[in-house]
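Chemist: Protein chains in written order, with numbering that gives the first Met the number 0: chain L, 0 to 376; chain R, 0 to 378.
To be clear, the hints were calculated from the coordinates, so they are not data collected in a lab.
Small disclaimer: the values here were computed from a predicted structure and weren't measured.
Check the hints yourself; a few may be wrong.
Claimed, not checked - Listing some non-contacts, in silico: residues in chain R with all C-beta distances to chain L over 10 Å:
#1 25
#2 233
#3 317
To be verified - So the derived label-pair ranges between C-beta atoms look like this:
#4 R:167 <-> L:83: 40 to 48 Å
#5 L:322 <-> R:220: 49 to 57 Å
#6 L:46 <-> R:7: 38 to 46 Å
#7 R:46 <-> L:214: 52 to 60 Å
#8 L:240 <-> R:32: 38 to 46 Å
Claimed, not checked - Residues from chain R shown here face chain L by an in silico Cβ test under 7 Å; the list is partial:
#9 17
#10 73
#11 146
#12 147
#13 179
We treat Cβ as the ideally placed atom computed from N, Cα and C, and that holds for glycine.
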Amino acid sequence: MLGRIWQILIKEMIQLRRDRGARFRLLIPPLIQLIVFGYAATFEVNHVSTAVLDFDHSQESRELVSRFTGSGRFDLAALPGARTDARALIDRSRVSLTLQIDPQFAQQLRKGETAPVQVILDGTNSNTALISLGYVGQIAREFASDYQIDRMRRVAPSYLSQLPSVQMVERPWYNPGLNSHWFFIPGIIGSITLLTIVNLTSFAVVREREIGTLEQIMVTPLRPLELIVGKTIPFFIIGLLLVILIALVGILWFGVPFRGNPLVMLFGTGLFLISILAVGLLISTTCSTQQQAFASGFFYLTPTFTLSGFAFPISGMPKVMQWLTYLNPLRYYIVVLRGVFLKGTGLAILWPQMVAMTLLGLALLMLCVLRFRMSLD
Amino acid sequence: MSANRLIAIARKEMIQVRRDPRSLFLALLMPILQMMMLGYGLNLDARHIAVYAYDQEGSQQSQALLKHFQASSYFDLVTTVSSYRQLTGAIDSDRCQLAIVIPYDFSKSLREGGAAKVQAIVDGSDDNTANLAIGYARAVIGEYSAGLQLQWLARQLGASANHAPPIAIEARTWFNEQLESRNFIIPGIIALVLAMVGAMLTSLTIAREWERGTMEQLISTPVTSREVMLGKILPYFAIGMADAALCLVLAVAWFHVPFRGTILSLFASTALFLVVVLGIGFMISAAIKDQLGASMIALLVTLLPTSMLSGYAFPIDQMPGAVQILSYIVYSRYYVTILKSIFLKGVGLSALAGPTAAMTVYAFAIGYVAMHAFRKSLE
C-alpha cells in the first residue's frame with residue numbers, strides 16, 4: 000500500500016515539476032495578496048477630511064476647531080463660506096464630515112448657556128462614521144470640561160481642587176497601539192491558505208477526468224484511499240510551506256508579534272489543512288469539468304470567509320449564522336492563529352478549537368473516501 | 000466582422016453553458032448567496048459588547064457608574080468578578096471584550112476632589128471593536144463625570160452659577176441615517192459578485208478549448224479573433240446583467256437598502272464594468288492554456304483587487320499613500336464609487352463624471368486589447 004501511495008506521490012511531483020508556471024503561481028499570488036491586503040485592510044480611522052464652517056470667528060470657536068485638527072483624527076480639507084457649499088462637498092465625497100459653529104457660539108459660552116455645535120457626517124461608510132462620531136464626542140467633552148475648569152478658575156478658584164471627576168484609563172491588551180495589521184494578518188494567513196489549497200485540490204481529480212487520464216488510473220491496482228492520500232500529501236506539504244512563508248513575511252515585514260509556540264501553530268495548521276484538503280477533494284470528486292470545480296470552489300469559499308470572523312465579528316451576526324460558523328474550519332484556525340500570534344496562548348486555552356478541527360477533518364475525510372468510491376464506480 | 004459567425008460562436012458558447020447547468024446555476028445563485036451572507040453576516044456596528052466588571056470598592060457610587068454601563072445599549076454587563084485573574088481568563092478566552100476595573104478608593108477620591116481613575120481593559124486583538132468599545136466607554140464615563148461635576152457645582156455654588164453643559168454636539172448623519180453596516184456594504188457586493196462571476200465564467204473559455212483539444216477545430220473555421228472574443232463574451236454578459244438585476248432586487252426588496260438613483264445609470268455603469276471584467280477574464284484565458292493556471296490568475300486580478308482595493312468594505316482614504324495610488328488602477332474602485340453614490344446619495348452619472356469616464360476608458364481599452372488577445376495559431 001505504501002508503495003502505491005509512493006508512486007502516486009512521485010507522479011504528482013513530476014507533474015508539478017513539469018509545470019513551470021505552477022511554482023510561480025503558488026508563490027507569487029499569496030505574497031501579493033498578503034502584502035496588498037496587509038496594507039489595505041484597515042478599519043482604523045485617521046485624517047477624516049473635514050470641512051469647517053466657523054460663523055463665529057471667536058477665540059473660543061478657533062480653539063474648538065484647533066482641537067479637532069490637532070487631534071490627528073480630523074484633517075481640515077475645506078473652509079466653505081456657506082452652508083450650501085458644505086452640502087455640495089459632502090455630496091461629492093470631498094469631505095466626510097462638516098463642523099458648523101454658529102455666530103453666537105462664544106457669547107453663549109460666556110453666558111453659561113449650552114452652545115450647539117452642528118456636525119454632519121457622511122454615513123455612506125457606517126463604520127468610519129461611527130468611529131468618527133466617537134472621536135467628535137470625545138473632543139467635545141474635553142473642550143467642555145476644560146472650559147468649565149477655566150471658568151471656575153476665574154469665578155471660584157478655591158473650589159477648583161475639589162472638583163470631582165472620573166477619568167478613564169484605557170488598556171488595550173495584546174495590541175496596545177490598536178494596530179489593524181495585527182488583527183488582520185493572522186486572519187489573512189488563514190484565508191490565503193484556504194483559497195490556494197481549495198483551488199488547487201478542487202482541480203486535482205476533475206482535471207484527470209477532463210483530460211482523460213483518470214481512466215488510466217482506474218485500471219491500476221490503486222485503491223481509492225491510496226489515491227486520495229497520494230494526491231493529498233503534496234498539497235499538505237505545499238500548504239504547510241505556504242503558511243510558514245506568509246507567517247514569516249507577516250512577522251518580519253509587518254512587525255506582527257509572535258508570542259506563542261510555533262509548534263502549536265504548526266499543529267493547528269496541520270489539522271486545518273486536513274479539513275480543507277478534504278473539502279477540495281470533495282468538490283473535485285463531485286464535478287465533471289474544471290469549470291464546475293472552479294465555480295463550486297467559489298461557492299464554498301465566499302461564505303467560508305464571511306463566517307470565519309476574519310474581518311467581521313461573529314458576535315454581530317444573527318444566531319443562525321453564528322451556529323453555521325461552528326461548521327467552518329477557518330473559524331477555528333483563525334482563533335488559533337490570533338491566539339498564538341497576539342495572545343501567546345497555548346493548547347491549554349486553544350484545545351477546543353483543535354478538537355473541533357480534528358472532528359471536522361475526520362468527518363470530511365470520511366465523506367471524501369465514500370464519495371470517491373462511488374464516483375469511481 | 001460577420002454577424003452570422005458571431006452569432007454562431009455565441010450560440011455554441013450558449014449551448015456549452017446550457018449543457019453545464021451546474022455552473023450556470025452557481026453563477027445565478029452566487030448573488031443570492033453573497034447578499035445573504037454579507038447582508039446578514041457583516042455587522043461592524045458592535046452593539047452588545049460583552050463587559051466584565053471588577054468593582055474593587057463595591058460602594059454606592061461605583062455601582063452607580065456600572066449602572067450607566069448597564070443602561071447603554073452598546074454594552075452588555077455580563078458579570079461582576081472579584082479578581083484580576085478572572086478578568087484575564089475572560090479576555091484570553093474571548094468571553095468578554097471590555098473589562099471595567101473600579102479602584103478601592105473610587106468614592107474616596109471623588110469625595111476629596113480630583114480625578115478618580117477607572118481602568119478600561121479592552122481586547123485589542125480586534126482593533127475595530129476595541130476602538131468602538133473605547134469610544135463608547137469614554138462616552139459613558141464622560142457623561143457620568145460631567146453629571147457628577149454639575150451636581151457638585153450646584154451644591155457648592157447654589158443658584159448663583161450656571162450649570163448647563165457648555166457645548167452640545169448635534170450630529171446628523173446623511174445618506175445612511177441609521178448608520179447601518181448593511182447599507183454601506185450591500186451596494187459594493189454587486190461589484191464583488193460580478194467580478195467573481197466574470198472571473199469564474201470567462202477565464203476558462205479558451206483554456207478549455209485547448210485542454211479538450213477542440214481548439215484545432217475552432218481554428219480551422221473561418222471565424223476571426225474578434226468574432227471569437229465577442230461571441231464568447233456575449234452569453235456571459237447576459238448572465239452578468241441578470242446577476243446585477245438579481246442583486247438590485249434583493250438589495251432593495253429584501254434588505255431595504257435605499258435606492259435613490261436611477262436604474263438607467265446603474266445598468267449603464269454595470270455594462271461598462273462587465274465589459275472590463277469579462278474582457279480581463281477572456282485575456283487571461285487566451286494567455287494561459289491550462290485551466291488551473293487561468294483560474295488562479297483570474298482570482299488574482301479580478302476578485303482580490305475588487306474585495307480589497309475597491310473601497311467596498313475597507314475605506315481607501317485610510318490606506319497608506321502607495322496603496323491609495325495603486326487603487327486608482329483598480330477598475331472596481333470606480334464602479335464601487337458609482338454604486339454607492341447611486342444607491343445612497345441618489346446622484347446621477349453626470350455628478351459622477353470622473354469615475355464614469357474612468358470606467359468608460361477602461362472598458363474601451365480592455366475591450367480593444369481583448370479583441371486582439373486571441374490569436375488563431377496552434378503555437
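Chemist: Hints first: check each against the structure and report whether it holds.
Modeler: Status of the hints after comparison with the structure:
1. 25: At roughly 4 Å from the nearest Cβ of chain L, residue 25 of chain R sits no farther out than 10 Å, so the non-interface label is violated.
2. 233: Its Cβ never comes within 10 Å of chain L, the nearest being 17 Å, so this holds.
3. 317: Violated, since 5 Å does not exceed 10 Å.
4. R:167 <-> L:83: 40 to 48 Å: Between residue 167 of chain R and residue 83 of chain L, where Cβ atoms are some 24 Å apart, the hint is violated.
5. L:322 <-> R:220: 49 to 57 Å: holds, 54 Å
6. L:46 <-> R:7: 38 to 46 Å: violated, 56 Å
7. R:46 <-> L:214: 52 to 60 Å: 57 Å Cβ-Cβ, so the 52 to 60 Å window holds.
8. L:240 <-> R:32: 38 to 46 Å: violated, 32 Å
9. 17: Constraint on residue 17 of chain R not satisfied, violated at 13 Å.
10. 73: violated, 10 Å
11. 146: violated, 10 Å
12. 147: holds, 5 Å
13. 179: holds, 6 Å
In this structure, the hints that do not hold are numbers 1, 3, 4, 6, 8, 9, 10, 11, in rising order.
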